[in-house]
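Asks: The lines below spell out each chain.
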Amino acid sequence: MAIRIVSDSTVGLPRQLAESLNVTLVPAYVLIDDVAYREGVDISQAEFYDRLQTSARLPTTSQPTPADFSEHVAPLLDAGHQVICLTIARQLSGTYNSAIQAAAEFPDGAVTVVDSNTATVGHMLQVAAAAADAAAPDSTLDGVVAAMQERAARGYVYCALDTLEYLKKGGRIGKAQAFMGSLLNVKPIISVAGGELLPVERTRNMRRALGRLEELVRARGPATHLGVAYTTDAAPAADLLAQLRDLAPAEQCYTIQIGSAVGTHGGPGAIAVATI
Amino acid sequence: MSLSSTGLQAADWRAAMRGAVAYLELYRDAADALNVFPVPDGDTGTNMLLTLRAGIAQMEQDSTADTDADAAGAVAESVATGAFWGARGNSGVILSQLLRGFADGIAGSGAIAAPGAVAALRAATESAYHAVSQPREGTMLSVIKGASDAAARANDAGQHDVIALWQHAYDGAIAALADTPEQLPVLKNAGVVDSGGLGVVAIIGGALQHLQGRDGPPVNLGLRSVSGVIDPAQTASVAIAADFLDAHEGEEFGYCTQFVIHGQDLSVETLRAGLGEIAQSTVIVGGGAAVRIHVHTEDPGSALTYGAGFGELDEVKIDNMNLQNRDWTAGHRERAQPAVISPGVSVIAVASGPGLAALFQDTGCAAIVPGGQTLNPSASEIIAAARSAGTADVIILPNNGNVVLTAAQAAGADTGDVRLHVVSTRSMPEGTAAMLGFNPAASLDDNLASMESARAAVATIEVARAVRDSVVDGQHVAEGQFMSILDGQLAELAADADAALLAGLSQSGVNGDSIITLYWGDGADAARCARIQAELETRYAGAQVDVIEGGQPHYPYLASVE
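If you're matching them up, the sequences are chains A and B in order. Numbering-wise, the first sequence is residues 1 to 276 according to the numbering used here. Numbering-wise, the second sequence is residues 1 to 562 according to the numbering used here.
The shape of chain A in the complex, shown without the other chains (with noise of 0.2 Å):
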């Protein structure tokens, strides 16, 4: 009997690294052409950026539902495990109320739900220590979801968007909608952090957002684990990692590829950046 940890797949952990570490992932949908593909099942990364530069329509995404966690659940239920679920932040998702629905479904106390409070490789970072934690071998429950909670509060992603539009035409634009600035080519700096998307601050081309990014990481100062994340570039994350590696122990700083359901709301081009 152990405590597991189960996230959706917008966290975009890679698969082998969840293994590694006992992360049970539950594949959200991405919709293009009516047609729905589970994230990192039925469609590759490679071919969902392809079809989201060239598909007619901009693809659209989908949580999973109460039922598909249910299904990875009770596995872990029945081989008598503790579960934790690490969802992408309500506010941007339906992904946390069809875990808590999933929850209600088994005994009390069984399947615990915690809402990381932001995204893509803020929310890999958390799903990273709390499996670390997880794993330990004095843990308890309590302590692991506290643990969770605590960094779910201070929990954020920094992302330079080459654009605006795919957040826009994706209904998740938020208050960054006065951050259009489509005539002078702008490229946004967000922030998801408390729940909430927030506009940052504008530049005016993605060299600067990314030595932005650099600076507002680095004013939050060392810490226990970095990630970068990419859509579709992973030469600038790779040397955006580089400038920032000191921050943070080597074995826990990682590179990811955004999964296709931010990816549809990040469009090309964009770079996240987070620490915890």
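In short, the hints are calculated from the structure, not lab data. Keep in mind that the hints are not guaranteed to be accurate.
[Unchecked claim] Just a few of them, taken from the derived set where beta-carbon distance is under 7 Å, the chain A residues facing chain B:
#1 K169
#2 K175
#3 L183
#4 N205
[To be verified] Residues from chain B that keep clear of chain A, each with C-beta distances beyond 12 Å, as calculated:
#5 T81
#6 E126
#7 R136
#8 K188
#9 V229
#10 D243
#11 G287
#12 T297
#13 A308
#14 H476
#15 A494
#16 L502
#17 G542
[Said to hold, decoys possible] Just the calculated beta-carbon pair ranges, DEER-fashion:
#18 E60(B) - G171(A): 47 to 53 Å
#19 G174(A) - A233(B): 26 to 32 Å
#20 I318(B) - G174(A): 52 to 58 Å
#21 R531(B) - T224(A): 53 to 59 Å
The structure presented is a predicted model; accordingly, all values stated were derived computationally and were not measured. Glycine residues also receive a C-beta, built at the ideal position from the N, C-alpha and C atoms.
Starting from the known structure of chain A, arrange chain B on it as the hints suggest.
Replies: Relative to chain A, chain B alone:
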């Protein structure tokens, strides 16, 4: 082409009339909104437009059918005839009579030279005054008279170029329009200029634009009411004093009654005397076989019965002015409602040039106040725009050294529940940089700090042509030279704008990491900008060069380096 010797040909006058109707259309809503006299019923602009359109339709029809239409005088005759039959409302009927007088003043002329234009404007004025039983100053009558007098003075002073003369007529009309609130107390009480007068200015100004070869889509002419520059796209820029609305609410205005009488030897004087007994605002035009009647009366039936005694009635139109007034009042009340003020910060910008205005809107400005180097907005215009933004704190971007003080004055005024703040941007490029530093999710203080530092982080280059010999920053500048002004200081002089721009940029600290934003306006074009862009990308390898069509007046180029 020397128009001073040959005068305006038929084709020139047709173009002028098309310009007139295009600009009247642009200012139609503003004229409707300004309409307080004789009855505040909000239809002056519409009536004048429909009347002039009828004249233009006749003109276009005759231009293909009638060989006499090759004469400018015949073109004016067609416009007058069409306008007579299509005249609508008090102001429309007066306009039709004005056009009738103009046509009579140049009847038989093949071309309109300077003396002919003076005579035609004078005849137009006399004819318009004659249309009204009790002419009042401070109306469209005074405005056409102002135009006519100014043209006559210029001609007496030796101005024989008909287009230059028309410019004088336009200036005279604008001056007369500005005087209307002093002449007619009801306008002063309402805080507006005369609506029909605005229509006349738009007509003369539209004709001038086209005579001067600017025949593109109509542009904001910068015409003013008492409260400031009228934005023709926004009726809200035309405000009526609340006291006036209160005082006239529920007043009975009766019916606007219009008809044509077809008969024989019809006498305008007889009809005017007879109808004057039973109705008000009597405007009667025509004579002989047809007259057009416009009256305001509580009893339209009696006016029609009276008219039917002289011949057959045609084109009968009766409007309930009480209903029209209620709609007009409600419209102004709704627009005058103070915006709901919620906590938060927004930005308004002073901008000139359609491209720059669009840019500020695109980057999230809540409102744009038209203005710049030569068209300085007033503090009250800035305050009105700030109130429309809807947030408790509003940051003003003056975007011109001449506007910074006015903005500070606005910020210092008592504006109740809206607090104004200024980030002292002295040029449009500084303004756009500051705007990108704005974050609606951040606090006021954070925004003021980040916008100020964004403003300070850019170098600005303004390229302008010297309009006279002068000394600028200790240097002699000859008329026609192009000045490159770097952060407000004269940096370079050059024979052409492109050279001035490149020279100014070379002093701005630009390098391969720079972002250069180039805004082109009057006196520059996209092709030249493309060449400059290529040149800059070669000179400063790695630099980003963005080119924006700013459309700003006076400055062929504005640029920022950051």
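Asks: Does T81(B) really sit off the interface, with its C-beta more than 12 Å from all C-beta atoms of chain A?
Replies: Consistent with the label, T81(B) stays out of reach of chain A, its closest Cβ about 48 Å off (over 12 Å).
Asks: Quick one: work out the minimum CB distance from D243(B) to chain A and report holds if it exceeds 12 Å, violated otherwise.
Replies: Label holds. Min Cβ-Cβ 37 Å, cutoff 12 Å.
Asks: Look at the Cβ atoms of G174(A) and A233(B) and judge whether their distance stays inside 26 to 32 Å.
Replies: 30 Å, holds
Asks: Just double-check A494(B) for me: nearest Cβ-Cβ distance to chain A has to come out over 12 Å.
Replies: It holds; A494(B) is separated from chain A by about 28 Å at its closest Cβ, greater than 12 Å.
Asks: Going by Cβ atoms, does V229(B) stay more than 12 Å from chain A at every point?
Replies: 24 Å, holds
Asks: Under the criterion of a CB-CB separation shorter than 7 Å, is K175(A) in contact with chain B as hinted?
Replies: The hint holds - K175(A) has a Cβ within 7 Å of chain B, the shortest such distance being about 5 Å.
Asks: Does K169(A) pass the interface check with chain B, least Cβ-Cβ distance below 7 Å?
Replies: 17 Å, violated
Asks: K188(B): least C-beta distance to chain A exceeds 12 Å?
Replies: With a cut-off of 12 Å, K188(B) remains clear of chain A, as the shortest Cβ separation is near 41 Å.
Asks: Far enough from chain A: is every CB of that chain over 12 Å from the CB of L502(B)?
Replies: 21 Å, holds
Asks: Just want to verify: T297(B) was marked as not at the interface with chain A; is every Cβ pair farther apart than 12 Å?
Replies: Its Cβ never comes within 12 Å of chain A, the nearest being 54 Å, so this holds.
Asks: Measuring from the C-beta of N205(A) to each C-beta in chain B, is the shortest one below 7 Å?
Replies: Because about 5 Å separates N205(A) from the closest Cβ in chain B, which is inside the 7 Å limit, the hint holds.
Asks: Minimum Cβ separation between H476(B) and chain A greater than 12 Å?
Replies: 38 Å, holds
Going through the hint list in order, the structure does not satisfy hints 1 and 17.
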